[in-house]
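There are 2 protein chains.
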Amino acid sequence: MTVRTWTAALLVIGDEILSGRTQDRNVAQLASWLNVQGIRLAEVRIVPDRQAAIVEALDALRTRNDYCFTTGGIGPTHDDITVDAVAAALGVPVVVHPEAQAMLEAHYAGRGGVNEARLRMARVPEGATLIANSQSGAPGIRVGNLFILAGVPHIAAAMLDALTGTLEGGLPVLSATLGCWVGESEVAELLREAERSHAGVSIGSYPFFREGRVGANFVVRATEQPLLDACVEDLAARLVAAGYAVVTGGI
Amino acid sequence: MTVRTWTAALLVIGDEILSGRTQDRNVAQLASWLNVQGIRLAEVRIVPDRQAAIVEALDALRTRNDYCFTTGGIGPTHDDITVDAVAAALGVPVVVHPEAQAMLEAHYAGRGGVNEARLRMARVPEGATLIANSQSGAPGIRVGNLFILAGVPHIAAAMLDALTGTLEGGLPVLSATLGCWVGESEVAELLREAERSHAGVSIGSYPFFREGRVGANFVVRATEQPLLDACVEDLAARLVAAGYAVVTGGI
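Chains as they are written, first to last, in our numbering: chain A, 22 to 272; chain B, 22 to 272.
Calculated from the structure, these hints are not laboratory results. Treat the hints with care, since some could be wrong.
As the list claims (entries may be wrong) - Rough simulated footprint, nothing fancy, chain B against chain A, three-plus residues with beta-carbon under 8 angstroms: (1) 39 to 48; (2) 61 to 67; (3) 82 to 94; (4) 212 to 222.
Stated by the list, open to error - Calculated Cβ distances over 12 angstroms to all of chain B for the following chain A residues: (5) Val33; (6) Leu151; (7) Leu167; (8) Asp182; (9) Leu184; (10) Gly191; (11) Pro247.
Stated by the list, open to error - A short list of chain A residues far from chain B (calculated; beta carbon distances all over 12 angstroms): (12) Ala52; (13) Leu125; (14) Val164; (15) Ala266; (16) Thr269.
Cβ coordinates follow ideal geometry from the N, Cα and C atoms, glycine included.
Required output: the full structure, derived from the provided sequences and hints.
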């Protein structure tokens, strides 16, 4: 059985990430969520709050992936330009979404009402639908294969919750980890041979240095459980035969 | 006085980042380091351990930025393909660097010597020079405006230490932060006007939700101290006039 691979890209938008002020959390968060949906995060770009940079990145990412996500730049302030940039990339106007406006009016009913800045968060590229946001008033936005999410990680997470199970995907990537107290350079050839012997399986080697000792975790990935299991068993046997103790699940 | 802006790009290479297994730390680390050198991190891409993806990204990033950094993929195992991909992007062969080989021989002298896997870490694109690594045996690599660093953050940090003060840059971006317990949508117009009134200054608004209250930090950025100070003073005055308490340094 051949199953096609579904891919997604992420465009992280924000001067605060590129200045080093804010540690991004959305790459890892989206990657993990996508995998459960059977979709592979294939590439990420991080660009500043500048329309030309956003449009250029969107043009590349949305055309060669099944899905394209953005995070950041959808708040009420002047530096929030994602919706305008997405509309420019798609060649559509920006319109006020009536349902989004109603959501904001409800959310801000006891908090001074909807002013001009808050109404900015009801603006969407024409043709868009909304992504529910259980955490704050402003919804996410879907337009075609583009998903516009908040930059604040727990709000982005709420929007992903709302999307769970709604995107078509393929098989999730399964993985298993074996750990060894060994320098990876001692077993590099062994790893290469184990990977070569199992088509459809990849092995990643991730070294570390802890408690004064070097070690490595070997992450085996495949989309089919029997392939994964066979490779893990083989790799463990090779490591043990070479004289190393293997920690199932990783160190 | 007009000072040109120096820019850098970062290419993060690694399946482990795109799978969500590993939280990237190098974007923020490099961004902060670059700023001290007077260089702006202008864009970031994250790609898998696949040569075509690496080459495509390098072609774009290295030609339109003064400097281009890579992290990841320079270890001894089969999934470490950065050097080969960089050489392919530059159209040069891969050669063993004698000085790197000597470093590895010294490092592994009491640890079983240099085997084939370890010797992989002495391979460089032809014409490259080395970047000292005080943390482990394998050096970083400089070739033209490309800087090839380790993916493990503390080793990348050691390589950046070795580069400190060696790259030509312009003025660092100065920043100052004002915090307010206010929803950013209440002061969006005020922020926009403050930014408009101060050419050469940008204001970023970063909302948060803590202890049951909404707040925001406003980060003012400029390359000249008097410009920065004038905008900060003006913004603080506008916020106070609107009835908000301002926390200098941010919340």
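Results for each hint:
Under a criterion of three residues with beta carbons nearer than 8 angstroms to beta carbons of chain B, the stated coverage of the stretch 39 to 48 of chain A is upheld, 9 such residues being counted. For a cut-off of 8 angstroms, the count of residues in the stretch 61 to 67 of chain A with a CB near a CB of chain B stands at 7, and the three-residue condition holds. With a cut-off of 8 angstroms between beta carbons, the stretch 82 to 94 of chain A has 0 residues touching chain B; three or more are needed, and the interface restraint is violated. Coverage of the stretch 212 to 222 of chain A by chain B holds. Counting CB-CB distances below 8 angstroms, 3 residues qualify, and the rule asks for three or more.
For valine 33 of chain A, the requirement that its beta carbon stay farther than 12 angstroms from each beta carbon of chain B is not met, with the minimum near 8 angstroms. Against chain B, the non-interface label of leucine 151 of chain A holds: every CB pair exceeds 12 angstroms, the least being about 18 angstroms. Chain B leaves leucine 167 of chain A outside its interface by the beta-carbon criterion, the shortest separation being 19 angstroms against a cut-off of 12 angstroms. The beta carbon of aspartate 182 of chain A is kept farther than 12 angstroms from every beta carbon of chain B, the shortest such distance being approximately 16 angstroms.
Leucine 184 of chain A, annotated as away from the interface, keeps every beta carbon of chain B farther than 12 angstroms; the closest lies near 16 angstroms. Non-interface status of glycine 191 of chain A relative to chain B is upheld: no Cβ of that chain comes within 12 angstroms, the nearest being about 15 angstroms off. Against chain B, the non-interface label of proline 247 of chain A holds: every CB pair exceeds 12 angstroms, the least being about 21 angstroms. With a least CB separation of 3 angstroms from chain B, alanine 52 of chain A falls inside the 12 angstroms interface cut-off, contrary to its annotation.
Against the 12 angstroms criterion, leucine 125 of chain A falls within the reach of chain B, whose nearest CB is about 9 angstroms from its own CB. With a closest Cβ-Cβ approach of about 23 angstroms to chain B, valine 164 of chain A is found to remain outside the 12 angstroms limit, as its non-interface label requires. With a least CB separation of 18 angstroms from chain B, alanine 266 of chain A remains clear of the 12 angstroms interface cut-off, as annotated. Every CB of chain B is more than 12 angstroms from the CB of threonine 269 of chain A (nearest about 17 angstroms), matching its label as outside the interface.
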